[in-house]
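Going down the list, the protein sequences come from chains A and B.
For what it's worth, numbering that gives the first Met the number 0 labels the leading residue of the first sequence as 0, then goes sequentially.
For what it's worth, numbering that gives the first Met the number 0 labels the leading residue of the second sequence as 0, then goes sequentially.
Derived from the structure by calculation, the hints contain no laboratory data.
There may be inaccurate statements among the hints.
Said to hold, decoys possible - Listed below are the simulated DSSO-like cross-link pairs for lysine-lysine, each with C-alpha atoms no more than 27 Å apart in a straight line:
no., chain 1, residue 1, chain 2, residue 2
1, A, K499, B, K233
2, A, K692, A, K736
3, B, K274, A, K42
4, B, K318, A, K30
5, B, K100, A, K574
6, A, K422, A, K412
7, A, K605, B, K117
Here the structure is a predicted model, which means the values were calculated and not measured.
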Amino acid sequence: MKASIEWLKEYSDIDVEAKELGDILTMTGSKVETIESKGENIKNVVVGKILEITKHPDADKLVVTKVDIGNEKLQIVTGANNIKVNDIVPIAKEGSELPGGVKIKKGKLRGIDSCGMMCSVGELDLSIAEYPDQIEDGIMILPKEYEKFLGQNIVDVLDLKEDIIDFEITPNRPDCLSIEGLGRETAVSLNKKFKNPRKNIDELKIENKKEIEGLKVDITAPDLCYRYIARMAKNVKIGPSPKWLVRRLKACDVRSINNIVDITNYVMLEMGQPMHAFDINSIAGKHIIVRRAKPQEKVTTLDEQERILDEDNLVIADENKAIAIAGVMGGLNSEIESDTQTIVFESAVFNGGSVRKTAKKVGLRTEASSRYEKGLSPENAERAVNRAIELVELLGAGEVVDGKIDVYPTKQKINKIPFNPEKINNLLGTNISKKDMIDILEKLEIKVENNTVIPPYFRQDIEQEADVAEEIARFYGYDKLDTTLANGETTIGLLTKQQKIEEEIKNILVHLGLSEIYTYGFINDNDLDKINTPKNSELRKQTIKIKNPLSEDYQVMRTTTVPSMLSTVATNMNKKNENVALFDISRTYKNIDQAIENGQVPLEEKILTIGMYGNNIDFYSFKGIIENVLEVTNINKYEIEKEQKNTIYHQGRTANIKVGKDIIATFGEVHPIVLDNFSINKRVYLAEINIDKITTYSKENKKYEEVAKFPAVERDIAITVDENIEVGEIEKIIAKKAKKILESAKLFDIYRNEKLGANKKSVAYSLIFRDKKKTLNDDEINKLMQEILKELEEKLGAELRK
Amino acid sequence: MEEQIKKIQENTSKSIKQAQSKQELNDIRVKVLGKKGELTLILRSMGSLSAEERPIVGNKVNEAKKEIEELITQKEKELKIKELEKRLETENIDITEPSKKINIGSIHPITQIIDQIKEVFLGMGYSIADGPEVETSHYNFDQLNTPSDHPARDLQDTFYITEDVILRTQTSPVQARVMETQKPPIKIICPGAVYRSDTLDATHSPVFHQIEGLVVDKNITMTDLKGTLEMFAKKCLGENTKIRFRPHHFPFTEPSAEADVSCFVCGGKGCRVCKQEGWIELLGCGMVHPNVLRNCGIDPEVYSGFAFGCGVERIAMAKFGIDDLRLLYENDVRFLKQF
């Protein structure tokens with residue numbers, strides 16, 4: 000909401016500069032967004048008098064002028080054709096500045112020196128509405144008597160200096176969407192008296208009539224319209240508004256249309272109550288009906304757009320048709336025209352929520368709707384319509400018709416709140432006296448009677464004690480509040496098991512050289528195709544669609560983190576980054592058991608995703624990283640099993656980590672087709688690790704075991720097996736046979752050659768045996784080695800290599 | 000004989016001095032002290048001496064033997080040191096050649112800021128709570144005193160799944176979930192991702208992160224809120240940081256405030272980061288609205304509380320001097336490795 004200081008001064012003495020006023024109001028809750036100083040952007044522009052005009056020797060459309068600017072005479076070349084000798088005009092001298100940052104320099108026009116420029120209305124950021132006798136595309140011609148100001152600054156001569164403050168108004172304070180409301184805040188904030196220039200309006204009593212000049216009003220939807228007041232003016236002369244009014248509208252960024260429309264806008268800005276003016280001839284049957292729209296009812300609004308409504312929307316209608324969308328915009332069919340003679344001013348209050356929904360539905364948020372949706376005061380509506388009528392008289396725009404039609408089905412409720420200074424102090428942590436509290440409240444026109452707080456009609460936001468506390472705190476000063484620390488019951492700040500696990504994972508991965516990334520929870524629907532997701536996959540069925548996505552890329556909530564990781568990998572590859580190692584701890588979102596359809600939240604799982612490519616990475620080093628993660632998270636018992644069906648991955652280079660039957664992680668090389676879909680031309684290793692499951696299976700059961708006292712026995716074994724035998728199977732047999740005395744089985748060699756034969760490989764282990772209770776003897780180890788070998792032969796067709 | 004001994008002594012010590020290797024010393028030892036060594040031979044020939052002379056010569060030989068042994072040992076030590084020195088010389092390396100360190104990765108700047116804040120609040124006895132990102136409008140709005148016709152709903156452009164299920168626009172619904180399930184005293188913070196339909200640009204992202212804080216107990220005051228946030232600001236942004244409260248409005252707090260901190264880049268003098276204001280808007284906060292307490296089954300006549308919520312990206316950007324928010328979500332390793 001913009002307010003010029005000139006206008007605010009009508010309500011309060013202001014003895015501080017704009018900047019300081021802005022700071023003070025910011026600290027009492029009316030936050031300043033910007034301060035604009037009009038006139039400051041015009042420099043070195045003075046009043047001048049044209050002494051002579053001669054033709055330019057080399058250009059038909061230019062003239063050469065001599066101009067008197069008081070202490071000096073200038074030669075200026077111009078293309079303007081509305082000037083004549085002795086005209087008084089604004090002259091931008093050499094080195095002057097105009098709005099928009101234009102700087103005027105000395106120059107030559109077709110070979111003739113020109114030492115400045117004559118200005119048009121637009122070049123000074125003024126409008127024809129303010130200066131109706133000027134023309135748009137010509138030099139501004141000042142009144143003859145301005146000759147006495149020759150050489151003086153145009154900003155002073157035309158009184159262009161104006162400070163305008165733009166405030167951010169919070170939605171609980173619709174009263175501050177008016178100069179009157181801001182004027183009140185200004186007065187209290189500066190500790191000045193609030194001068195009420197509308198006292199006459201407040202005291203006015205207008206006779207309520209059923210019918211005026213044949214006009215009737217009915218409300219058929221009193222739940223959506225709390226009050227509707229109509230007043231009339233006849234013999235209206237539509238014309239321009241006076242300069243002062245145009246200027247105030249302009250300060251609030253409102254364009255002048257004609258005197259009647261300007262009055263409605265002016266009253267809205269001044270008092271916060273949107274107004275509308277109808278031509279009575281456009282109201283069929285002279286009967287205004289405030290009703291719900293019919294299904295598919297069409298209204299063409301003032302901006303010449305056709306809007307389609309339904310029963311949830313409220314319209315102002317006559318006996319045949321809708322003539323306005325209530326609280327949003329008037330209809331084109333009832334617009335004030337230049338030949339309008341009798342007008343009806345509407346000042347009404349509608350249900351805020353309903354206006355908000357309607358404005359949203361028709362996609363039209365107007366100055367009016369943004370006020371209505373916050374909930375306006377029905378009491379203020381009458382003041383506003385009376386003010387509009389007063390302005391009609393003041394501007395001589397028409398004759399006032401006596402009386403009003405006031406349909407007021409739901410009287411505004413005035414809140415009554417118990418006043419308990421002790422509780423307020425307890426909430427704020429202050430020690431403000433009851434008297435000081437009452438002082439503050441009374442300045443805000445909030446009454447305190449018999450320990451009851453009664454807010455004025457324009458403060459419907461004050462509903463309970465906490466609201467009263469805020470008012471007191473605002474003007475006691477938020478900056479005066481102490482800083483204390485709550486001294487209640489001691490609480491212990493601890494991380495949960497899962498939070499600790501996540502910290503451990505991040506630590507180990509960073510130490511292993513990986514960098515953490517952040518990705519969005521939503522992805523493109525196509526991303527599931529890009530990662531090769533089968534048509535019947537659960538990942539597709541569980542997908543959650545966003546109704547109003549920003550773009551296709553943010554269409555659905557992801558059921559897998561893989562596309563996010565692969566996109567990031569691709570980004571890094573495109574940037575020619577070598578050796579990229581990334582991880583991400585984030586969520587997947589799965590609609591399980593129709594949660595969404597039942598209004599419930601979906602399943603969100605925390606997933607650790609790892610993505611890597613580069614020179615030093617292969618399946619086994621990647622596997623090492625996964626094992627390190629399991630180690631630091633205390634997953635002690637797990638199995639690594641080959642995974643050949645997951646279509647994201649290379650079928651020969653992928654594994655699952657299983658705890659019992661539960662897959663807690665999948666990792667491996669990404670399938671070349673998937674890589675191709677992301678335009679990645681390097682082998683990429685990918686892991687998806689379910690942190691929720693890690694948390695379930697993580698067992699911290701560290702217990703000291705005695706350091707071995709008895710010596711170890713070391714034996715090597717080398718066998719030849721078929722290529723398709725996994726070394727994991729060999730290790731399982733060794734472990735099964737050796738039981739507790741196997742300390743370690745280290746694979747130290749795998750080789751293949753022609754001698755061994757096709758599809759054969761030689762595998763060599765170094766085994767270390769140790770018994771905790773005794774020294775092992777050779778005989779028992781020899782026997783054990785025989786048994787191991789036998790089992791390997793029988794189960795895996797292994798042969799001892801000689 | 001005595002002279003013979005003296006001569007052997009002199010000759011031997013001379014050759015020990017001249018010896019250049021361990022081998023030479025060994026040869027000397029054999030030559031003089033060995034089984035057929037010069038001194039050994041003298042001892043053996045002592046039979047020809049008189050009983051008076053024998054102990055005297057014997058003593059002399061033993062003395063000579065001892066002296067020579069000592070000389071050899073000493074020389075051996077000398078040679079060893081020389082040898083070592085020679086080896087060390089050949090083992091000289093260029094210590095400016097590159098190391099073989101492990102390339103350590105990096106924690107994302109958003110996490111780093113969240114971690115710093117977490118640490119401060121854990122230290123003050125807060126727990127860390129979590130809630131769903133796909134949230135019901137019941138928790139995101141209704142429970143937080145923002146019914147469906149409330150104008151504040153327009154301030155936040157919401158992503159809808161259905162009318163009832165949305166992407167949370169704030170971390171505040173976690174407040175309501177915690178209050179419904181825990182009894183006071185409640186002291187939590189909740190970091191997490193939130194969603195608003197803002198197009199991605201240098202200062203906006205449809206996904207960003209907030210940290211929510213909530214305290215509910217008996218006798219919680221607004222000065223407690225201010226004190227807590229001051230502590231947070233000092234510990235996270237620097238001990239000299241000042242805090243300023245401005246009145247504001249949020250549907251779920253009353254009284255409400257916006258908290259500014261003195262600019263932690265310029266210290267309040269005015270710079271590009273604080274737009275020459277000296278203050279940076281840090282967060283929104285206030286006393287938990289009695290309606291919210293009531294909605295969550297907590298009696299506002301008995302308990303009071305405060306809540307706050309701040310944006311993480313803004314702090315990260317100001318603190319690390321990041322001028323474009325998109326960098327945080329692009330995840331270029333050349334960016335990430337700087338943190």
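To see whether the hints hold, each was checked on the structure:
no.: 1; hint: K499(A) / K233(B); in the structure: holds (26 Å)
no.: 2; hint: K692(A) / K736(A); in the structure: violated (32 Å)
no.: 3; hint: K274(B) / K42(A); in the structure: holds (25 Å)
no.: 4; hint: K318(B) / K30(A); in the structure: holds (25 Å)
no.: 5; hint: K100(B) / K574(A); in the structure: holds (25 Å)
no.: 6; hint: K422(A) / K412(A); in the structure: holds (25 Å)
no.: 7; hint: K605(A) / K117(B); in the structure: holds (19 Å)
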